[in-house]
Amino acid sequence: MSETSPPAPAMRSPSLPTGPSPRRYPRPALSSLGLSPGKRTRLKRLLYQYGPGGGTLLILPIDQGLEHGPVDFFANPDSLDPKYQYELAREGKFSAIALHIGLAEKYFHEYAGDVPLILKLNGKTAVPSDSQAFSPLTGTVEDAVRLGADAVGYTVYVGSPAQDRDFRQFLDVRQDAERLGMPVVVWAYPRGEAIAKRGGKEGLYAVDYAARVALELGADIVKLNYPVASEKDAESPAPYNSLHLSADEAFRKVVESAGRALVLVSGGEKVGDQEMLKKVRSSMDAGATGIIFGRNLWQRPKAEALRVTREIHAIFREYAQPPA
Amino acid sequence: MSETSPPAPAMRSPSLPTGPSPRRYPRPALSSLGLSPGKRTRLKRLLYQYGPGGGTLLILPIDQGLEHGPVDFFANPDSLDPKYQYELAREGKFSAIALHIGLAEKYFHEYAGDVPLILKLNGKTAVPSDSQAFSPLTGTVEDAVRLGADAVGYTVYVGSPAQDRDFRQFLDVRQDAERLGMPVVVWAYPRGEAIAKRGGKEGLYAVDYAARVALELGADIVKLNYPVASEKDAESPAPYNSLHLSADEAFRKVVESAGRALVLVSGGEKVGDQEMLKKVRSSMDAGATGIIFGRNLWQRPKAEALRVTREIHAIFREYAQPPA
Amino acid sequence: MSETSPPAPAMRSPSLPTGPSPRRYPRPALSSLGLSPGKRTRLKRLLYQYGPGGGTLLILPIDQGLEHGPVDFFANPDSLDPKYQYELAREGKFSAIALHIGLAEKYFHEYAGDVPLILKLNGKTAVPSDSQAFSPLTGTVEDAVRLGADAVGYTVYVGSPAQDRDFRQFLDVRQDAERLGMPVVVWAYPRGEAIAKRGGKEGLYAVDYAARVALELGADIVKLNYPVASEKDAESPAPYNSLHLSADEAFRKVVESAGRALVLVSGGEKVGDQEMLKKVRSSMDAGATGIIFGRNLWQRPKAEALRVTREIHAIFREYAQPPA
Amino acid sequence: MSETSPPAPAMRSPSLPTGPSPRRYPRPALSSLGLSPGKRTRLKRLLYQYGPGGGTLLILPIDQGLEHGPVDFFANPDSLDPKYQYELAREGKFSAIALHIGLAEKYFHEYAGDVPLILKLNGKTAVPSDSQAFSPLTGTVEDAVRLGADAVGYTVYVGSPAQDRDFRQFLDVRQDAERLGMPVVVWAYPRGEAIAKRGGKEGLYAVDYAARVALELGADIVKLNYPVASEKDAESPAPYNSLHLSADEAFRKVVESAGRALVLVSGGEKVGDQEMLKKVRSSMDAGATGIIFGRNLWQRPKAEALRVTREIHAIFREYAQPPA
Amino acid sequence: MSETSPPAPAMRSPSLPTGPSPRRYPRPALSSLGLSPGKRTRLKRLLYQYGPGGGTLLILPIDQGLEHGPVDFFANPDSLDPKYQYELAREGKFSAIALHIGLAEKYFHEYAGDVPLILKLNGKTAVPSDSQAFSPLTGTVEDAVRLGADAVGYTVYVGSPAQDRDFRQFLDVRQDAERLGMPVVVWAYPRGEAIAKRGGKEGLYAVDYAARVALELGADIVKLNYPVASEKDAESPAPYNSLHLSADEAFRKVVESAGRALVLVSGGEKVGDQEMLKKVRSSMDAGATGIIFGRNLWQRPKAEALRVTREIHAIFREYAQPPA
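Residue numbers (the numbering used here), protein chains in the order written: chain A, 1 to 324; chain B, 1 to 324; chain C, 1 to 324; chain D, 1 to 324; chain E, 1 to 324.
Please note that a few of the clues may not be correct.
[Stated by the list, open to error] With a Cα cut of at most 27 Å, we get these calculated BS3-like pairs of lysine-lysine:
no., chain 1, residue 1, chain 2, residue 2
1, E, Lys232, E, Lys278
2, C, Lys106, B, Lys44
3, D, Lys93, E, Lys44
4, B, Lys44, C, Lys83
5, D, Lys83, D, Lys93
6, D, Lys44, E, Lys278
7, B, Lys93, C, Lys44
8, C, Lys44, B, Lys302
9, A, Lys270, A, Lys302
Calculated from the structure, these hints are not laboratory results.
Same shape as in the complex, but just chain A (with noise of 0.2 Å):
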């Protein structure tokens, strides 16, 4: 496919939710996935012995250190220290925790076997310009065996001139995750000048490319952003700028494109409880295996995060299956 804008396909016949009462859609069978042993064991670990279970996916990020700064840690001066995710994730009963090499190798000791680790391998800071984001590697798949993690993380910036870049150090990672055994979780974020032309980062056109470059490119598991409606729709690509998808149906778009990719939804900004539990439900409603909230849950209080973790739990279990 060239990379100019195609031309707008007909559409057939979209596969979309209709009717009034949402349905539910399966997430992928873990039998389905093809996958070898090693990352069959720890992907089995992550969604059926540790966190809420029944095939569910609980994670708290920790990266925001790196990728915006200690700025994020100011609404909750607790959180600046990383024992408090830590121990968050392990009252909380979080699938895993997602973080980088050097909160790894200085704080997750405490915690090995209690906490499920995703070694988060790549990363930036926000400072330079993003018109050419790129996160080069912080560490790598060998450190995650090492340190005992059972998946590792990747952020690719689907859409970035430095894209090529991106995709031949992500072929390394996944290489070596296969070699190894390990699962391999993407962070997929559009991102450039190009993708601001058709209807931004946060546009379903480019949510919806992103899964599936997550896809293709060899993700176990996918974090993806819910896609935002707005006006700038507009200057997506055909058929995406008629398509006047509500949020549900957009994210359960992009759920179909991700295909046998795991999906986890991002959280993003702090919101509102009511607004952050019905997302949970919307997300697991449309497919998605389950959430990677961060700021959502530790901008708050201990306690408080520790209730609505309970509340999301609670929902987790309406979604459990058995094994298959």
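The hints should help you fit chains B, C, D and E onto chain A, whose structure is shown.
Only chains B, C, D and E this time, still in chain A's reference frame:
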């Protein structure tokens, strides 16, 4: 979470010192750091067996000949000969001397076993523009092992447009250091145009971010400058643009952001004695593990430098703690 | 020259001590050894910064559990727990403790930085016949570096039919040690049928030859047993079969054969206090650099072991010399 | 310390020669350099066994054909044939000849063992702009070993925008040379726009900085140009902009900045005999170890070149010293 | 060629000296050897720049401490300290000293550049039975390069049952030496039961075969013993069993078999002065390039050893030739 600069969160209750009398904040305990035996052996040697001991660090750097040029030695012509600093380190009972491969290969053999060595692994000259600041490798972790060094040093330019290459280069250093049990000291320096637009490289925003980046990337020890308040703070991202912290509060803040990376305070340019000793005490109060003072010490005649060093030792004795 | 056993040369004037009062022979000066900076740093640490200092070495070995089996711990049941020896080494201010990888991995982290480590790199059990004596590797120089060791140990069985493999294996250890600046301590033990026919493994011929082999192969330090005179000496090659040296003269002879390899005297089985202290003094008189006493020390209750250790420290102080 | 160009420190008492009669400054003693046996063997050969001896170096470079092109050979057409320089080096009893791989492979075999070889490992042509000056590798340290060379040469362009790549490339050369015991001669040349703005590549600031950079990066020998005073000095950073040193004082200054890197004086373009011999004497007075004169010698007919070479030998005899 | 005893060839016209006055046979010219530049450089250094020069070689070996044990040093106790031989080599102006890695690492640094080094790369002790004679590696060609050696030495046991391992081991040494331009000296020794049955290791059959094996395997220089006529010659394969050559004729024969491998004559055990000097002269007449005399020289007090060495120099001057 999104990776663009986030909006200013509401600031709840910053964990900063309050009240009239300065509080002493604890340094991270060695036993909490999750260190491999080799890192632990070497760090313990620096913290307890050499130098002032008691868990403190007094480091003499002499990389200015490369970073600034011989110009820094004019103030004390004796200091042009590296033996001056080596002898100052030995007589002044420093925890370690920090320098590049050439000064190690040619001079260290006369001081081996008497003064621990921190081999600085990357550096650059002051001549080319700093706009793409990046320090290429001048030595390797294997060089450090071969020379009998007890730690390695690495400069990260946080925010530089060349940050990609820097993170990637650091990854290799960090992994070699992990494999060989060698502690890593990160010189964490904000740099580049984007930093200049966010309050400048000496502002709290920049230094605070640099402290956290060092922690996230896996530094065992981080060298930090005191943040300097100025009118440029107004250009910092919120809430930094309205914090108005005292110098001590600001430094306390960055020590906290460094987490379990032990903090060394940079001396910067030579200042008066009282100001310098006051800085030492404030730093230790704020939870720093020690200081890395170069020009403030070796830009003086030796007798004077030793006199001041003795005063630093005396202060450090107040902060001495048994190994834990 | 031919490489078969040569005929006995006429002995002109053996450089052996004469007269009633024992002479003190000098130890090789550190500065004469042609050491790389790394070896120099680490050796100087052992000789001057830890242990009795003054250029002496007091080493506590605990490889008997592998070499002899737990049988050696019956005499002092506390000694079965490796912490016993570690604590003895720390409290008794030993220059280093010498042991295998397992005892290093599992226990050393609690003593890292307090007691220097000599990682023993090869060993065997007492069970299979000694007729083809050969100690395979149990660790590597990189292990030693990673653990923060200050030297490595290697057993050479001089004269064993498996000598070929032994020399070849040692070559790799020696080269890695050279590359990484790690001093090499050679346990030089005569072994095998051919040795048995030439006066036995404790005879002067055998020990003298072993000392020289260690020097020729590149040992920095060599552990030697006191030659034991016996009627078997008559079967030694000339002129050894007619030398009739005293124990002190014989040991002086082997120290000289070791040349610039520093000599450690082996303690062997436990003997009485006075005999042991006399051996310490005689060894130092003969030019030894120190002692490596295991069972003689840790087969006692700790209070008693520490008392004897203090007496050894007192003797060593008489032989203390400044670094040269 | 900060790594930006620092403000001018107050200059206390520069360690420069004073008074009417020129003082002789000592060269670094071979024994002080901490050399491995291989570097020591090869350097001693150059300093004492070949060439003028007595610890001096007389080097004939012939890399101008690559660096400048055949244009340099017009002045003396015989010099176009590399045999001319090889024979001059042999008949004139030079300490070594310095050249690139092609001139070594094709011609050196006829002079092997008679004239020591310094294999130049990087170079470039004069054709592309010097604004990003960088010399890529043309040979390796293994090439030098294979050819029987006694040293390798490497050009560093201090201050060039390509300094990053240069330092990194030099790192590999330095490590190979250390591993194989091969001395490293650094051609230390200031270059680039930023240098031009700070008094130019021939100014004292630039040459002094280059001398120190070579020392810091690990040069065993550094080739330096005489600093040239000019009105551009006023643009140098303080205090260089107001030093007003004589040519001899300025050169003495850079020799001191080179520390334990032995200094070779560059000849530069051809000058008159008396001026050249005066420069030789001044350099040796200032503590240089020798000279590296190319065009000044081989741009003459051989008889004349040999006559001048004999005069240089005569001067060097005055500076001869026994090995130390 | 089969390895069983070949049938007796008809002997046409052996190229042996005839008539009353001994003829001088030429040594192979350096230019005829097809040497790489590195080998040529190093060999020329040994043949012309150090030692007696004029294309001759005077080598002092000191590997007897390993091969025979300290027993060889009794005749001259001073010789037990390797400095004795090093100083003899320097004062006696030897072409090189030949020894193992330990004596190189610990002592060579004091003589580097003054006495060329031949690093002996394999060896064994005299203790295990010689029936499977094989010398394992004790060093590598890279060690030799690193130490600044000018050649390497290797013992081949021709005819030993372990010959297959020996040839294979030599292959690697020879290839490394070729790659790094390092001349190879082969100690060619017949050994083993099969040799014993064919006239013994000192018989002409065995030595002649060993000379040819060294040439065939790629030796640059071969160390050979004088064949010794005895009644065991009768057991040699025809026609060796009926040649009845004089000692000089026999040696001439083996020199011819060595072809373009330069021949060093072994000294063997110490003999009287006149006998030794006669052997030197005979060897040179027969086309040897030099001698390798150990015990004959260093089993004497130094003054005496130097006197004899001067006599050897005087003889060598008669055989001096310019480089060709």
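Evaluation of the provided hints:
1. Taken as a hint, the lysine 232 (chain E) and lysine 278 (chain E) pair is honoured in the structure, with Cα atoms around 25 Å apart against an allowance of 27 Å.
2. In summary, the hint linking lysine 106 (chain C) to lysine 44 (chain B) is supported, as the alpha carbons are separated by about 18 Å, within the 27 Å threshold.
3. Annotation: proposed proximity of lysine 93 (chain D) to lysine 44 (chain E) holds, straight-line Cα distance about 16 Å (limit 27 Å).
4. For a cut-off of 27 Å, the pair hint linking lysine 44 (chain B) to lysine 83 (chain C) stands: about 19 Å separates their Cα positions.
5. At most 27 Å may separate the alpha-carbon atoms for a hinted pair to count; lysine 83 (chain D) and lysine 93 (chain D) meet this at roughly 15 Å.
6. With a CA separation close to 36 Å, the supplied pair lysine 44 (chain D) and lysine 278 (chain E) exceeds the 27 Å bound.
7. Proposed proximity of lysine 93 (chain B) and lysine 44 (chain C) is supported: the alpha carbons are some 17 Å apart, at most 27 Å.
8. As the CA atoms of lysine 44 (chain C) and lysine 302 (chain B) are separated by approximately 26 Å, the hinted pair is consistent with the 27 Å bound.
9. With a C-alpha separation of about 15 Å, the suggested pairing of lysine 270 (chain A) with lysine 302 (chain A) holds against the 27 Å cut-off.
Hint compliance for this structure: hint 6 is the single one not met.
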